[in-house]
Amino acid sequence: MTLTRCSEISLAAALVVALPFAAGAAPPDHGAINRAVVAQHVTPGYERLADRAEALGNALQSYCQDPPADGLAAPRDAFHAAMDAWQRVQHLRHGAVEGNTRHPRVQFWPDKRGRVGGHLVQFLKRDDAERFAPAEFAEESVAVQGFPALEILLFADDFSIPAEKAPASRETRCSAAETIAANIAAVAEETAEDWNGVAEETLDAKATTRDFYTDLVTGLEAIGSLKLLAPLGETPERARPRLAESWRSARSLANVAANLTGLEELYGAMEQTLRKGSEMSPRERLIRDQFEAARQEAARLEPSIAATLAADRGRVRIQSLIATVHQIRDLILQNLGGDLDMTLGFNALDGD
Amino acid sequence: MATDRRTFLGLAGAAAGVAALLPGVAIAAPAGAPLRYVSSRHDQLTGEYSAAVVDAEGRVLRSVPLPDRGHSLAVRPGGREVVAMARRPDTFAVAFEIEGGQPPVEFSAAEGRHFCGHAVFSADGGRLLATENDTEAGHGVLGIYDAADGYRRLGEVPTAGIGPHQLLRGRTGGTLVVANGGILTAAHSREKLNLDTMSPSLTYLSGADGRVRQSVRLPADRHHLLSIRHIDVAPDGAVAFGCQDQGAAEDALPLVGCHRPGEPAPVLFDTPKSVRLAMKGYVGSVTLDPAGEVVGASSPRGGVMAFWRLADGHFLGTLELADGCGLAPGAAPGRFVASSGRGSMVDYDARAQRAVEIEIEPMERMSQWDHHMLAVPT
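As given, the protein sequences belong to chains A and B, one line each in that order.
Take the first sequence: its letter number 214 is residue 214 in this note's numbering, and every next letter is one higher.
Take the second sequence: its letter number 52 is residue 52 in this note's numbering, and every next letter is one higher.
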């Protein structure tokens, strides 16, 4: 078969077929892999998020009680720290985070129809104090419950705006922001607790490994396609930086760097268990080098995609980062999938 | 629901003024390139299911939410409406206009029936016929729905087999072609209950009264374990089919073949052993090119699609596409559009063996295309 490239995105990813683990080799110990992933990556990740969301709540509370001279600097820093923690586990979409719509409650994104802004304004305008009670708030639209709504409050709707010009009083906006931070902390804590108490049979199951593996590959795909390629547009004139995640807080590429840290942590926990403490294989070294290269590429860019695009060679550098991330995805699909005894297989697993 | 042909015929007559399941002459697909495709899909980020209309440039033109995972779809003649069918053993179907306009119409299988994933419209577009499982009796039926009346169920006829899957209109005398996969499953389940006795068939039903015109089977030896699931019909009436092997996949039986109505038995195409092994005993969809001369069959389990000349079964080659399953006729003879569970679409020329990726717009790349992609004639 001959292959014609018609885009910067390699067809190779679509074409790779993972080989099953080497003939004669022992099948992978899915129970051990799952336990390593949960212990090294999942539970600490949600605990970190819970801690930082709590710190964010405290920073907001101090700010709201007594606005300091440096304005929103402290709560904004705390927002960045909490968002870094979230982005390290954002790719996890199976398991405890599936319950109670936890994932979209922490971050409703992509927001293709601009629901966050609309729902937030409606929420702020309402006149019932009950809506700030944690149990009530957890029943609100998911669009107002997490980071994107908080981002608007902290970065677009400056609390110092006089009340008559803002959609709600400073007190209301402060209450909303503090409630969101507490909500994120509660969701993260519940998720960590659920993982701590997860059934042994779930930890033993090959299906759980499949979920982690799917999350790993999907996470890498999401960076390339959704987070970087979509805002880039087909031509420089058609760039759409506001399609980028977290454009208001100008941290889109900081998200990508945190994603890569979390994804490597997940990958590493699986790989380390597979090799049972022996030396890193050449392919693991290669994949880890690529993770490091991608993180460095992301770190060298302005965290804001708009700023990066405006900079010299910014567009080319983003394209290069996309290529590196897709390379990691392909290496994992070609190598790790077989060793874990699984292919992704949405259709392959269907049976009809 | 009590079923007999008189009930059905009475309803059909009352509804359409003619006692025919398939009133009207089959409308040949108009010449010209089909530019739009429909498929069910799954969003990997949100977990939501939808049916999408996508053009040949990879732009998603419309997306209609589905309550759960879909399978195949039926395009209403005229090309303005599509019905997305639930994945077996679910019971929902969603009809929607390709261009938008009216809100989608959701309807359900009858009590004691579930959908099997496929449906087809009558040639005049007035009726929708869906393969269904009568879970109590354990045999297949075709449910008949009135497209002009909110998809009200008019009745049903037996498919003359167990576990019906895909059905299509035949080319002669208003026949219907049904792939009776032969596998018995219980209500709400996909568990296989009769692998020792299964007897899959390819069955031709009269469009006038639902009676069996012909039913053919593969040889009763090891081949009775080849569940005939997917079909396509050539302009001359020949039926290409693909099977799923319920025996050991290592036996590497050929899985794709054809049958010409009236001939006593279907034939399986000669297939290189490496390809038979690569297909892992599983075919997920079977489609002819726009000329009706090339047969394509996908194996998502093997990450491979294989192609043959219909006229003589000559093997043409393979396209490797990880988790590739959807296969629709392309823009010209010999061409196909293939889709995968990893979200990609490929324009493939089976004669030149040349593949070109169709670039999906970035915001839509987290979608996994489900088993079937259909071309909407323009």
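Hints were generated in silico from the structure; no laboratory data involved.
It is possible that some hints are incorrect.
To be verified - Simulated crosslink set (DMTMM-like; lysine to aspartate or glutamate; CA at most 25 Å straight-line):
#, chain 1, residue 1, chain 2, residue 2
1, B, Lys-273, B, Glu-191
2, B, Lys-192, B, Asp-68
3, B, Lys-280, A, Glu-190
4, B, Lys-280, B, Asp-251
5, B, Lys-280, A, Asp-339
6, B, Lys-280, A, Glu-193
7, A, Lys-206, B, Glu-191
8, A, Lys-276, A, Glu-201
9, A, Lys-206, A, Asp-111
10, A, Lys-276, A, Glu-190
11, A, Lys-206, A, Glu-265
12, A, Lys-206, B, Glu-250
13, A, Lys-112, B, Asp-43
14, B, Lys-192, B, Glu-99
15, A, Lys-112, A, Asp-127
16, A, Lys-112, B, Glu-361
17, A, Lys-276, A, Asp-330
18, A, Lys-276, A, Asp-29
19, B, Lys-273, A, Asp-341
20, B, Lys-280, A, Asp-211
21, A, Lys-206, B, Asp-43
22, A, Lys-206, B, Asp-68
23, A, Lys-276, A, Glu-292
24, B, Lys-280, B, Asp-196
25, A, Lys-112, B, Asp-196
26, A, Lys-206, B, Asp-221
27, A, Lys-112, B, Asp-55
28, A, Lys-112, A, Glu-130
29, A, Lys-112, B, Glu-57
30, B, Lys-273, B, Glu-320
31, A, Lys-112, B, Glu-191
32, A, Lys-112, A, Asp-128
33, A, Lys-112, B, Glu-48
34, A, Lys-112, B, Asp-68
35, A, Lys-112, B, Glu-364
36, A, Lys-112, B, Glu-320
Small disclaimer: the values here were computed from a predicted structure and weren't measured.
Now the hints, each set against the structure:
1. Proposed proximity of Lys-273(B) and Glu-191(B) is contradicted: the alpha carbons are some 30 Å apart, above 25 Å.
2. Between the alpha carbons of Lys-192(B) and Asp-68(B) the distance comes to roughly 22 Å, so the proposed pair stays at or under 25 Å and holds.
3. Under the criterion of a C-alpha separation no larger than 25 Å, the hint pairing Lys-280(B) with Glu-190(A) is inconsistent with the structure, at around 42 Å.
4. For the given pair, Lys-280(B) sits about 9 Å from Asp-251(B) by alpha-carbon distance, which is consistent with the 25 Å threshold.
5. Of the supplied pair hints, the one linking Lys-280(B) and Asp-339(A) holds, its CA atoms being roughly 19 Å apart against a limit of 25 Å.
6. For the proposed pair Lys-280(B) and Glu-193(A), the alpha carbon gap of about 41 Å is over 25 Å, so the pair is violated.
7. Between Lys-206(A) and Glu-191(B) the alpha-carbon distance is near 20 Å, which keeps this suggested pair within the 25 Å criterion.
8. The suggested pairing of Lys-276(A) with Glu-201(A) holds, with an alpha-carbon distance near 22 Å, which does not exceed 25 Å.
9. For the proposed pair Lys-206(A) and Asp-111(A), the alpha carbon gap of about 33 Å is over 25 Å, so the pair is violated.
10. As the CA atoms of Lys-276(A) and Glu-190(A) are separated by approximately 31 Å, the hinted pair breaks the 25 Å bound.
11. Restraint check for Lys-206(A) and Glu-265(A): satisfied, since their Cα atoms lie roughly 20 Å apart, inside the 25 Å limit.
12. Of the supplied pair hints, the one linking Lys-206(A) and Glu-250(B) holds, its CA atoms being roughly 23 Å apart against a limit of 25 Å.
13. A threshold of 25 Å between alpha carbons decides the hint, and for Lys-112(A) with Asp-43(B) the separation of about 13 Å falls inside it, so the pair holds.
14. Taken as a hint, the Lys-192(B) and Glu-99(B) pair is broken in the structure, with Cα atoms around 40 Å apart against an allowance of 25 Å.
15. Taking the CA atoms of Lys-112(A) and Asp-127(A), the gap is near 28 Å; set against the 25 Å cutoff, the hint is violated.
16. Of the pairs offered as hints, the one joining Lys-112(A) and Glu-361(B) holds, with about 14 Å between alpha carbons and a cut-off of 25 Å not exceeded.
17. For the suggested pair Lys-276(A) and Asp-330(A), the alpha carbons sit about 24 Å apart, so the restraint of at most 25 Å is met.
18. Of the supplied pair hints, the one linking Lys-276(A) and Asp-29(A) holds, its CA atoms being roughly 10 Å apart against a limit of 25 Å.
19. Restraint check for Lys-273(B) and Asp-341(A): the C-alpha separation of about 24 Å stays at or below 25 Å, so the hint holds.
20. For the hint linking Lys-280(B) to Asp-211(A), the alpha-carbon distance of about 23 Å falls within 25 Å, and the restraint holds.
21. Distance hint between Lys-206(A) and Asp-43(B) is fulfilled; the C-alpha atoms sit about 23 Å from each other, no more than 25 Å.
22. At roughly 24 Å between alpha-carbon atoms, Lys-206(A) and Asp-68(B) fall within 25 Å of each other, so this suggested pair holds.
23. A C-alpha spacing of about 23 Å is found between Lys-276(A) and Glu-292(A), which places the hinted pair at or below 25 Å, so the restraint holds.
24. Between Lys-280(B) and Asp-196(B), the direct Cα distance comes to roughly 20 Å. Compliance with the 25 Å bound is thereby established for this hinted pair.
25. In summary, the hint linking Lys-112(A) to Asp-196(B) is not supported, as the alpha carbons are separated by about 51 Å, beyond the 25 Å threshold.
26. Only pairs whose Cα atoms come within 25 Å are accepted, and Lys-206(A) paired with Asp-221(B) is rejected, the gap being roughly 35 Å.
27. The hinted pair formed by Lys-112(A) and Asp-55(B) meets the criterion: a straight-line CA distance of about 20 Å does not exceed 25 Å.
28. Under the criterion of a C-alpha separation no larger than 25 Å, the hint pairing Lys-112(A) with Glu-130(A) is inconsistent with the structure, at around 29 Å.
29. Simply put, Lys-112(A) and Glu-57(B) have alpha-carbon atoms about 21 Å apart, close enough for the 25 Å limit, and the pair holds.
30. Pair hint Lys-273(B) plus Glu-320(B) holds up; C-alpha atoms about 16 Å apart against a cutoff of 25 Å.
31. Simply put, Lys-112(A) and Glu-191(B) have alpha-carbon atoms about 39 Å apart, too far for the 25 Å limit, and the pair is violated.
32. Pair hint Lys-112(A) plus Asp-128(A) does not hold up; C-alpha atoms about 29 Å apart against a cutoff of 25 Å.
33. For a cut-off of 25 Å, the pair hint linking Lys-112(A) to Glu-48(B) stands: about 14 Å separates their Cα positions.
34. In summary, the hint linking Lys-112(A) to Asp-68(B) is supported, as the alpha carbons are separated by about 21 Å, within the 25 Å threshold.
35. For the hint linking Lys-112(A) to Glu-364(B), the alpha-carbon distance of about 11 Å falls within 25 Å, and the restraint holds.
36. Under the criterion of a C-alpha separation no larger than 25 Å, the hint pairing Lys-112(A) with Glu-320(B) is inconsistent with the structure, at around 33 Å.
Figure legend: structure checked against the earlier numbered hints; hints not met, in rising order: 1, 3, 6, 9, 10, 14, 15, 25, 26, 28, 31, 32, 36.
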